[in-house]
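Asks: One letter stands for each residue in the lines below.
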Amino acid sequence: MRIVIGQGSCGIAAGAEKVRQALLKEKIDARVSITGCIGMCYLEPIVDIYDEDKLTRLVKVSESDAPAIAEYIRTGDREKIDNLVVTDEDSEFLSKQTRIALRNCGIINPEIIEEYIEKDGYTALKKALGMTPEEVIDIIKTSGLAGRGGAGFPTWFKWNAARNSEGEEKYLICNADEGDPGAFMDRAVIESDPHNLIEGMLIGAYAIGAKHAVVYVRAEYPLAIKRLKNALEQAREKGIIGKNIFGSDFSCDFMIKAGAGAFVCGEETALIESLEGHRGMPRLKPPFPAQSGFWRKPSNINNVETFANVAWIINNGGEAFAAMGTEGSKGTKVFAVTGKVKRSGLVEIPMGKTLRDVIFDIGGGMKTDKPFKAVQMGGPSGGCIPASLIDTVIDYKALGATGAIMGSGGMVVMDESTCMVGMAKFFLDFTAKESCGKCIHCRIGTKRMLEMLERITKGEGKEGDIELLEELCYAIKDGALCGLGQTAPNPVLTTIKYFRDEYEAHIKDKKCPAGECSDLIEYSINADKCKGCTLCARNCPVNAITGSVKQPHVIDTDKCIKCGKCYSVCRFDAVVKA
Amino acid sequence: MDNCIDLSLLDGVLDEYASVKGSLITILQHTQDIYGYLPKEAIERISERTGIATSEIMGVGTFYTQFRFEPVGKYLIMLCQGTACHVNSSELILQTIKDELHIEDGQTTEDGLFSLKCVACLGCCSLSPVMMVNEDTYGSLTPDKTKKILKELREAAV
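Going down the list, the sequences are from chains A and B.
In this text, residue positions in the first sequence follow the numbering used here: the first is 1, and each later residue adds one.
In this text, residue positions in the second sequence follow the numbering used here: the first is 579, and each later residue adds one.
Bear in mind the hints are in silico, worked out from the structure with no lab data behind them.
Since the model is a prediction, treat every value here as computed from it, not as a measurement.
Treat the hints with caution; some may be incorrect.
What the hints assert, rightly or not - Under 8 angstroms between C-beta atoms, here's a sample of chain B residues computed to sit facing chain A:
(1) 585
(2) 607
(3) 636
(4) 637
(5) 684
(6) 687
(7) 699
(8) 702
(9) 704
(10) 706
(11) 711
(12) 717
Claimed, not checked - Interface residues of chain B toward chain A, partial, derived using beta-carbon atoms under 8 angstroms:
(13) 587
(14) 597
(15) 601
(16) 602
(17) 603
(18) 638
(19) 641
(20) 644
(21) 647
(22) 660
(23) 698
(24) 701
(25) 705
(26) 712
(27) 715
To be verified - Far from chain A, some chain B residues (derived; all Cβ distances over 10 angstroms):
(28) 592
(29) 594
(30) 599
(31) 600
(32) 615
(33) 618
(34) 654
(35) 661
(36) 662
(37) 689
(38) 727
(39) 729
(40) 734
Positions of the beta carbon are idealized from the N, C-alpha and C atoms, including for glycine.
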């Protein structure tokens, strides 16, 4: 018997380490080990019990369940743990996926290199070293792999450009500065399968002729950094990193650089500036990094998920990867599905599936009783796709046509209670703060847009605001140097495009249809529904609610601070928000 | 307070990185690990040893959200402002913390116990809304749960 506990950041935050400690105290006759992110984040902490190859998966486990689990392992009495065993419905969350980048996540122990090697680890590297770099690039070309960071640029093209650049000294860089608020697949890959990233990077380094590999990773991901460092050390000991890898002429060293918190550093030239110890402000292109990048040497930058596909492609062939997906988008894509969805977590599916497949079929639909309203994709650079376009196919072009983007994989699901103007304001607040300040349009334009959106959500919007917002959007798109500025208006443009009526309701009627903008809502009590239980009055922080027991209560709107406490505590739906 | 900065603590870091080009951010990260923030004296020492002007060090330091120029409280509360947290009402949690501690984003309570910092995504989106207090992550927050956590932390500090 083997017990494996899911210990990605989410799992640990949900209490997985406490569960592990509690299980260790039980002194059971089974090896207790860890794995990374299983991907079923909504069921954490998760404990997998392997009896030979038979898996029993326990979910939402707490410390207090340890004795029952120990009892089950000793006696095989399943009744003890029946309430913890994952349901068939929940199991479908994983069985409906096709996992390539995440193939080892939640299965192997990320801290032990041998477990990766057992899963054919580093065989792709060995195979690649037996080919010419051009042959490796050719396989990647056949696969159709494109940049998973969001832009979707063909990977082989970048590799080829860096390969053909003159110069002895070249750099291969991994962008692990996952800045999109609402996306966490890169973190999961590094925490759960760091060797897969290292192997993909080594193959890339061999293909472009780089002797140096650098991982630029967010400082906010301490566990990812720790596991990556540990993995590099183990790989070094085995001679997989360093001089004459696997006895070949190929040598490559590795370096980790921790980012310091700047969204713009996801842009490749800003990332290079940051690597060099400067403010992360984008450079003018051309020259492209392939010609002049890190320390002005030819450099190639790919995202974590892109590299996570490489070893699989080398082992299985470019055709196998290209067999999945659509005409223009090949292979699989990982999404971090969160928000108001029932089953949130990591979903990897072949391109060509629809948003409905991800959100409803795999994600289980809405977790609230309110209907699905929109899904946000691509974070601050992306947009909101409305319910009417739920059958949009997951494909770079098809998603781009909606005004959103594929993005790095953040998928935030929203129901009717999310205000779309508020959503646009949320993202503009983010980009206005994160603008590096280099280009005037982005620096000042995002600020002006944010001010307008703030006015609108306060009920101070004016006729013509929508048109002015649109004008500013296009000016910023044209005037900004880098991707941050060029895409910053997308959240505003898509919400205006699909939810114009909501903007108009804020501006003309001074109403927030979603009931989220506190300046535009008022709370009242429906006398027919109120039972006079006094719960709301007792919870009101400013004593704005009066009434006697068993009599309908009343809210004094002059005193009310619109905190929503009464609304959330009322058991009879008597408090009305309008 | 700045008078009691022990600059010798920086020697190890500077011996290792001062002459390695491109290491300024790494040096600042280590400095913050040592002092909890970037004291003025430390910035001057880094400038002396690396030859980078203090103005440039400040330029880099202020660019990145990770760096602080003032000491923080015993408990640093990092409240996630990611998209999933926003959709799941992190605004209510922010209001609760502000009301309970009487501080704004970026401030420290008078007793030096709590500092509040709103941060971009912490990457635990399925537990949203989320906050981190020092190394510990707290998820699925509600106003009541947040109050309880703050109370427990305050009691643990006494």
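Asks: A separate judgement is required for each hint: does it hold in the structure or not?
Replies: Hint check results:
Checking residue 585(B) against chain A: minimum C-beta separation of about 21 angstroms lies over 8 angstroms; hint violated. Checking residue 607(B) against chain A: minimum C-beta separation of about 6 angstroms stays under 8 angstroms; hint holds. At a threshold of 8 angstroms, the smallest CB-CB gap from residue 636(B) to chain A is about 11 angstroms, leaving the interface hint violated. Among the interface hints, the one on residue 637(B) holds; its C-beta lies about 6 angstroms from the nearest C-beta in chain A, closer than the 8 angstroms criterion.
Of the supplied interface hints, the one on residue 684(B) is violated, with its beta-carbon coming no nearer than about 12 angstroms to a beta-carbon of chain A, more than 8 angstroms. With 8 angstroms as the threshold, the beta carbon of residue 687(B) stays out of range of chain A, its nearest partner Cβ sitting at about 20 angstroms, so the hint is violated. A cut of 8 angstroms between beta carbons decides the hint on residue 699(B): the least distance to chain A is about 4 angstroms, and the hint holds. Hint status for residue 702(B) relative to chain A: holds, with the closest Cβ pair at about 5 angstroms, below 8 angstroms.
Taking 8 angstroms as the C-beta cut-off, the interface hint given for residue 704(B) holds, the closest approach to chain A being about 3 angstroms. Among the interface hints, the one on residue 706(B) holds; its C-beta lies about 7 angstroms from the nearest C-beta in chain A, closer than the 8 angstroms criterion. Proximity of residue 711(B) to chain A is violated relative to the hint, the smallest CB-CB distance being about 12 angstroms (cut-off 8 angstroms). Contact between residue 717(B) and chain A, as hinted, is supported at the beta carbon level, the nearest pair being about 5 angstroms apart and thus within 8 angstroms.
The criterion of a C-beta within 8 angstroms of any C-beta in chain A is not met by residue 587(B), whose closest approach is roughly 20 angstroms, and the hint is violated. At its closest, the beta carbon of residue 597(B) sits 13 angstroms from a beta carbon of chain A; the interface hint therefore is violated under the 8 angstroms criterion. The closest approach between the C-beta of residue 601(B) and any C-beta of chain A is roughly 6 angstroms, which is under the 8 angstroms cut-off, so the hint is satisfied. Given the 8 angstroms rule on beta carbons, the hint for residue 602(B) holds: about 4 angstroms separates it from the nearest Cβ of chain A.
Restraint check, residue 603(B) versus chain A: the minimum CB separation of about 5 angstroms is within 8 angstroms; hint holds. With a least beta-carbon distance of about 6 angstroms to chain A, the hint placing residue 638(B) at the interface is held under the 8 angstroms criterion. For residue 641(B), the suggested interface contact is upheld, since its CB lies about 4 angstroms from the closest CB of chain A, less than 8 angstroms. Interface hint at residue 644(B): satisfied, since its Cβ lies 4 angstroms from the closest Cβ of chain A, which is below the 8 angstroms cut-off.
With its C-beta approaching chain A no nearer than about 14 angstroms, residue 647(B) sits outside the 8 angstroms limit, and its interface hint is violated. Given hint, residue 660(B) at the interface with chain A, holds; its Cβ is 4 angstroms from that chain's nearest Cβ, closer than 8 angstroms. Restraint check, residue 698(B) versus chain A: the minimum CB separation of about 5 angstroms is within 8 angstroms; hint holds. Interface hint status for residue 701(B): upheld, as the beta-carbon distance to the closest one in chain A is roughly 4 angstroms, under 8 angstroms.
Proximity of residue 705(B) to chain A holds as hinted, the smallest CB-CB distance being about 6 angstroms (cut-off 8 angstroms). A distance limit of 8 angstroms between C-beta atoms decides the matter here; for residue 712(B) the minimum to chain A is near 12 angstroms, and the interface restraint is violated. At its closest, the beta carbon of residue 715(B) sits 4 angstroms from a beta carbon of chain A; the interface hint therefore holds under the 8 angstroms criterion. The beta carbon of residue 592(B) sits about 14 angstroms from the closest Cβ of chain A, which is more than 10 angstroms, so the claim that it is off the interface holds.
In this structure residue 594(B) is separated from chain A by more than 10 angstroms, as the shortest Cβ-Cβ distance comes to about 14 angstroms. In this structure residue 599(B) is not separated from chain A by more than 10 angstroms, as the shortest Cβ-Cβ distance comes to only about 8 angstroms. The claim that residue 600(B) is not at the interface with chain A is violated, since a C-beta of that chain comes within 10 angstroms of its own (minimum 4 angstroms). Against the 10 angstroms criterion, residue 615(B) stays outside the reach of chain A, whose nearest CB is about 14 angstroms from its own CB.
For residue 618(B), the non-interface assignment is confirmed: its Cβ lies about 19 angstroms from the closest Cβ of chain A, beyond the 10 angstroms cut-off. Even its closest Cβ contact with chain A, about 13 angstroms, leaves residue 654(B) beyond 10 angstroms, as expected for a residue assigned away from the interface. With a minimum CB-CB distance of about 3 angstroms to chain A, residue 661(B) fails to clear the 10 angstroms threshold, and the non-interface call is violated. Taking the minimum C-beta to C-beta distance to chain A, about 4 angstroms, the non-interface status of residue 662(B) is violated against the 10 angstroms cut.
Distance check on residue 689(B): its Cβ is at least 23 angstroms (rounded) from any Cβ of chain A, clearing the 10 angstroms threshold; non-interface status holds. Every C-beta of chain A lies more than 10 angstroms from that of residue 727(B), the closest at about 13 angstroms, which supports listing it as non-interface. Distance check on residue 729(B): its Cβ is at least 16 angstroms (rounded) from any Cβ of chain A, clearing the 10 angstroms threshold; non-interface status holds. For residue 734(B), the condition that its CB be more than 10 angstroms from all CB atoms of chain A holds, with the nearest at approximately 17 angstroms.
In summary, the structure is inconsistent with hints 1, 3, 5, 6, 11, 13, 14, 21, 26, 30, 31, 35, 36 from the numbered list given earlier, while agreeing with the others.
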